[in-house]
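Undergrad: Listed below are the residues making up each chain.
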Amino acid sequence: MHHLEIRDLTASYGGNPVLRGVSLDADRGEVVSLIGPSGSGKSTLLRALIGLTPPTGGDVRIAGAPVDYRRKESVRELRRRMSIVFQQFNLFQNMCVLDNVTIAPVRVHGVTRAEAEERGRELLAKVGMAEKCEAYPDQLSGGQQQRVAIARALAVRPEILLLDEVTSALDPERVGEVLDTIRALAGGGITMVLVSHEMSFVREISTRVVMMDQGQVIETGSAEQIFVRPETERTRAFIGSIIRH
Amino acid sequence: MTGSLADQLAAFLTPANAAFLLGALGRTLLMTVIGCGLGFVFGMVLAVLRRSETPWLAPLRFAALLLVETFRRLPFLVILILVLFGTQLLAPELSLLGIATVAVTLAATAYLSEIIRAGLESVPRAQVEGAAALNLGSWDIYWRVVLPQSWRVILPPAAAFMIMFIKDTSLASHLGVVELTFSGKIFINRGFSPVLGFGAVLLLYYALSALLARMAARLETYLAPSRNP
Numbered sequence: 000m001h002h003l004e005i006r007d008l009t010a011s012y013g014g015n016p017v018l019r020g021v022s023l024d025a026d027r028g029e030v031v032s033l034i035g036p037s038g039s040g041k042s043t044l045l046r047a048l049i050g051l052t053p054p055t056g057g058d059v060r061i062a063g064a065p066v067d068y069r070r071k072e073s074v075r076e077l078r079r080r081m082s083i084v085f086q087q088f089n090l091f092q093n094m095c096v097l098d099n100v101t102i103a104p105v106r107v108h109g110v111t112r113a114e115a116e117e118r119g120r121e122l123l124a125k126v127g128m129a130e131k132c133e134a135y136p137d138q139l140s141g142g143q144q145q146r147v148a149i150a151r152a153l154a155v156r157p158e159i160l161l162l163d164e165v166t167s168a169l170d171p172e173r174v175g176e177v178l179d180t181i182r183a184l185a186g187g188g189i190t191m192v193l194v195s196h197e198m199s200f201v202r203e204i205s206t207r208v209v210m211m212d213q214g215q216v217i218e219t220g221s222a223e224q225i226f227v228r229p230e231t232e233r234t235r236a237f238i239g240s241i242i243r244h
Numbered sequence: 000m001t002g003s004l005a006d007q008l009a010a011f012l013t014p015a016n017a018a019f020l021l022g023a024l025g026r027t028l029l030m031t032v033i034g035c036g037l038g039f040v041f042g043m044v045l046a047v048l049r050r051s052e053t054p055w056l057a058p059l060r061f062a063a064l065l066l067v068e069t070f071r072r073l074p075f076l077v078i079l080i081l082v083l084f085g086t087q088l089l090a091p092e093l094s095l096l097g098i099a100t101v102a103v104t105l106a107a108t109a110y111l112s113e114i115i116r117a118g119l120e121s122v123p124r125a126q127v128e129g130a131a132a133l134n135l136g137s138w139d140i141y142w143r144v145v146l147p148q149s150w151r152v153i154l155p156p157a158a159a160f161m162i163m164f165i166k167d168t169s170l171a172s173h174l175g176v177v178e179l180t181f182s183g184k185i186f187i188n189r190g191f192s193p194v195l196g197f198g199a200v201l202l203l204y205y206a207l208s209a210l211l212a213r214m215a216a217r218l219e220t221y222l223a224p225s226r227n228p
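Residue numbers (numbering that gives the first Met the number 0), protein chains in the order written: chain A, 0 to 244; chain B, 0 to 228.
Rather than coming from a laboratory, the hints here were simulated on the basis of the structure. Think of the CB as a built atom: it goes at the ideal place given N, C-alpha and C, for glycine as much as any other residue.
Derived, one-sided and incomplete: chain A residues facing chain B with beta-carbon distance under 7 Å:
#1 51
#2 75
#3 78
#4 87
#5 89
#6 91
#7 92
#8 93
#9 103
#10 106
All chains should be built: construct the whole structure from the sequences, respecting the hints.
TA: If you want it as structure tokens, here you go:
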């Protein structure tokens, strides 16, 4: 049984179909990277998985248990096991760094404040932000905010972590620090599904790479297979266009 | 009463007159603060209701829209008269001050709900999505994420509305509520010079709005502190 199973998932955005039947699997602890051109549905797939853009059809199972996106309770259960890091961080601007990280454990997961703060400080230390617990998001650089956002997503102890173009909004010199943080998480038992345009990073970290185009999966394989021996012309063209640049 | 202004001043400055003026000031303050305070609470409820997306709340959303748009378009004097006749049917024992306070509440609800709605809408949708993805409930999302970030946009126009509305409560004198403006008229009827009667009224209106403006500024620095000056 796969940890995450997606079958024929469809979703639309403002009436336009964006996902046209996506199927993919991830085993526990795997790092699955979604690549493909803009508008291919990579980000929508992540948003659909966590129910922000509810799927219109198909089937999602976590450890064999089906998710019913029309039922609030099912989505709440899903979000206890899965969290997401956004391209634009989406940190709560009115809260200091530590409060951003502790609000969900305290308000949703019934953890005591003291316990949540202790774990929050641990996580912030892990992402190199221990010194900034009392700072507010608008006092931090993009890279720092994104590392806090990763700590916030980890604070709810997810089994599955979604990362949506987490370095796309950063200054080039800040990309490395965020990638280092993710690299340190990979292989730690948490299943990751990420969208990224950092191809060398994708190639290095992924146990599975999924090439998407026009809302469909074109090809799935190991990083080696997708980057070196792609089977489809579309993947070859996409990889070729990236490597040329 | 005749005589020089100086003679009149001595007759004007009595404890009884002071008590009378303070009573009138109290009624003006009561109508404004209770009316706008309740208006803020009801306005918040309407604003949240109008932003809701739950399908079965659609009739309530429409009712809220109708209420807000109607009372924003009616002159305050007309609202006063409507409430006067309305309460004669529904609550005939309600005092004139009570009637005026209900009218202020209705007008304030309509205006403040629009101000609050604009404030809530100023918070990027991404903040709500971030909170929803973390499983925060609707109450937590509003109370801990959206509202704290809206104060900056809500408070200045809401305070300006309340301070402006202090002056509109003078229309309640048409109903016979002895508020500040009415008390000025009464002094003139008793023979005092308008300079004294309305001079005192002017000072009290000024003091009242200055006080409320100060309190609003305090509240703003407390609820919407600016971290990056």
